[in-house]
Amino acid sequence: MSTISSPFEVGDARPSGSRPFLDVNDLHVHFSTEDGLVKSVDGISFQLERGQTLGIVGESGSGKSVTSLSLLGLHKKADRKGRGGARMTGEIWLDGEELVSADEAKLRALRGNKMAMIFQDPLSAMHPFYTVGDQLIEAYRVHHKVSKSEGRKRAIEMLDRVGIPQPNSRVDDYPHQFSGGMRQRAMIAMSLMCDPQLLIADEPTTALDVTVQAQILDLMRDLQREFNSALIIITHDLGVVAELADDIMVMYGGKAVEYGPAKTVFTAPEHPYTWGLLTSMPRLDRPVQDRLAPIPGNPPSMINVPSGCAFNPRCGFVAQNGGRCSGEVPELLQTTSSGRRHLVRCHLPVDVRQRTFNEEIRTLL
Amino acid sequence: MSTDNYSSATVADAGRAASGAASEPLLSATGVQMHFPIRRGLLRRTVGAVRAVDGVDFEVRPGETLGLVGESGCGKSTTGRLLTRLLEPTGGTVKFEGRDITHMKPGELRPLRRDIQMVFQDPQSSLNPRHTIGSIVGAPFEIQGIKSPNGTKRAVQDLLALVGLSPEHYNRYPHEFSGGQRQRIGIARALALKPKLVVADEPVSALDVSIQAQVVNLFEDLQAELGLAYVFIAHDLSVVRHISDRVAVMYLGKIVEIANRDDLYSSARHPYTQALLSAVPIPDPDRKGEEAKRERILLTGDVPSPINPPSGCRFRTRCWKAQEICSTQEPPLVQLTSGPRPTGADHKVACHFPD
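Protein chains in written order, with our numbering: chain A, 1 to 365; chain B, 1 to 355.
If you are wondering where the hints come from, they were derived from the structure by calculation, not from laboratory data.
Mixed in with the good hints there might be a few duds.
Unchecked claim - Here are a few chain A residues that face chain B, going by a calculated C-beta distance under 8 Å:
id	residue
1	Ser-60
2	Leu-99
3	Asp-103
4	Ala-105
5	Leu-107
6	Gln-215
7	Leu-217
8	Asp-218
9	Leu-219
10	Leu-223
11	Glu-226
12	Asn-228
13	Leu-238
14	Gly-276
15	Met-281
16	Asn-298
Said to hold, decoys possible - Covered, in the sense of this in silico footprint (three residues per stretch, anywhere, with C-beta under 8 Å from a C-beta of chain A), are these stretches of chain B:
id	stretch
17	135 to 149
18	216 to 223
19	310 to 317
20	341 to 352
As the structure is a prediction and not an experimental result, all values here were calculated from the model.
C-beta: ideal position from N, C-alpha, C; glycine also.
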């Protein structure tokens, strides 16, 4: 459990008394299954202002998508005995409103309106029986008392804004008549119908080709600037994160293991898992390596998370720490050296981490 | 990992490794086409064709890795299936070690399956969930009727060890394994009979980042130990650069550029290759935003339909250099001999206005 509720306390000065636009505090999302309790998200905290972008990075099963769905309140709630759905604890403050304890009606009013989501696979996120226009208009009219023709005008305007050619006629097309990239553009248009202040993009470009991915990333960057929304981008692609994010949170086994400004996380990371991620991928902007340096082993099963630090069975630095890594869960703490906020969850002493990075890891990057 | 066990376990086929002179290609494709017919109406009349692969020429040399890149729908997977003869080409010829295998019947192909194997993208759907790992990896021995000196079980266990799994996994089922481990099982199956050529179709794209590196290293280790040649099909340009000796870039059923790895990545000549390379996001936050945008060649529009591809050069509809000639004449894939920057013999480009 994080002892520091807000990284702003340690680094940036901000006016006291005001909450960040989005303030997630010690969020837990647990699912009870036949095989045992799955702690998909196990105590994460982060903050985000409008106009800023947070990148959440992690492997499959690290809890990154569960986090995004819980922000929108899209998990089915468990019954009183904690069965049949998600048990959420902690706080999510969006512009002064708490969402974990909010009822369905309130979430409904916010969802699609103040906060919206861009899903990974636009083909399965759109209804195949309705035209793209119908779906966009519905998203608008749920939250605004306007006529159909006004909604249609808005839909055409948004399709035009995201770069769909001939929006006047394409608005009446069905999703299958769009190509993959156009479908993702239409999804983005749908999420922007109500000018959301918080936009969550869950693997928005994973299903797309690189040339289309480049178009969509540029579009998202432009739109964020135009609408001044807070953006959370969830991905496993470090290249995508580096292009968009101001802050990065690296997740492993349901917990944040490293959290800081994008530049710090990429150039002076301190968690062995982040090192592993950065050294294991081949990069086009570096000379060809003889051999990649993979992280050994497999991501943990969420039913049977390793005791202590979840990363310890795959970590190359466990021996330096006695039995601590497997016995005790490390806390997410500010590393002393960096002036700005930079939180790391690791038992290794800060000076050892920094020395190891400078001497052994930096050359591999 | 023990090579000794492995070689004694499989059939001792003298002289199979390191056969053929270096100049002799292991596999060559000439003008290979795959047009899938589109049938309509009561009589299932052919009304058109999806020209998935529309005349590709290249060769694979013994022991090398040829990377095949391109966007979805460009025909790279179909090309892989033509090389392994899982599909029969509708035109052109595929030769393996000098033998024409283009239209061989299944019975004739069977002995060849020892030499050409395939690793699939999705390790979930390419392993039969009702079979144990032992029977999946042992199937090639059974089908080909090969007796191993120490028995098939021993041979399979050696293979499992070779790809980094434990011999105790013999009696387990695919669902008991993680994605990375399942991909290793698929690789073990492909290697069972010591093939000369392995066609790997997106073998790492379904895996997590940290696991991708493990499997890429495994591919390289096995190549060093066993002298395999790979055709490595992928859309991830950084992985392809890491593993390949030569790289071919496909667009809409055609190869637009083929070159040695370093030539292709450092001095790409075809506009499409340049656009493709510039679009790869670089994990460097200093280059974010405007800067990345400026360096990037942004292609407009989408890939045209392979049912009705553009005349002349297929890339012309999205190319910023396109001129009159591009729509009338199809540029051949050739070495650039004239012009300010001629290319080496191994670097071929299909463009009227190469950079």
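Here's how the hints hold up against the structure:
no. : hint       : verdict
1   : Ser-60     : 6 Å, holds
2   : Leu-99     : 30 Å, violated
3   : Asp-103    : 37 Å, violated
4   : Ala-105    : 39 Å, violated
5   : Leu-107    : 32 Å, violated
6   : Gln-215    : 6 Å, holds
7   : Leu-217    : 7 Å, holds
8   : Asp-218    : 6 Å, holds
9   : Leu-219    : 10 Å, violated
10  : Leu-223    : 14 Å, violated
11  : Glu-226    : 14 Å, violated
12  : Asn-228    : 16 Å, violated
13  : Leu-238    : 4 Å, holds
14  : Gly-276    : 6 Å, holds
15  : Met-281    : 6 Å, holds
16  : Asn-298    : 5 Å, holds
17  : 135 to 149 : violated (count 0)
18  : 216 to 223 : holds (count 3)
19  : 310 to 317 : violated (count 0)
20  : 341 to 352 : violated (count 0)
Consistency note: the structure conflicts with the earlier hints numbered 2, 3, 4, 5, 9, 10, 11, 12, 17, 19 and 20.
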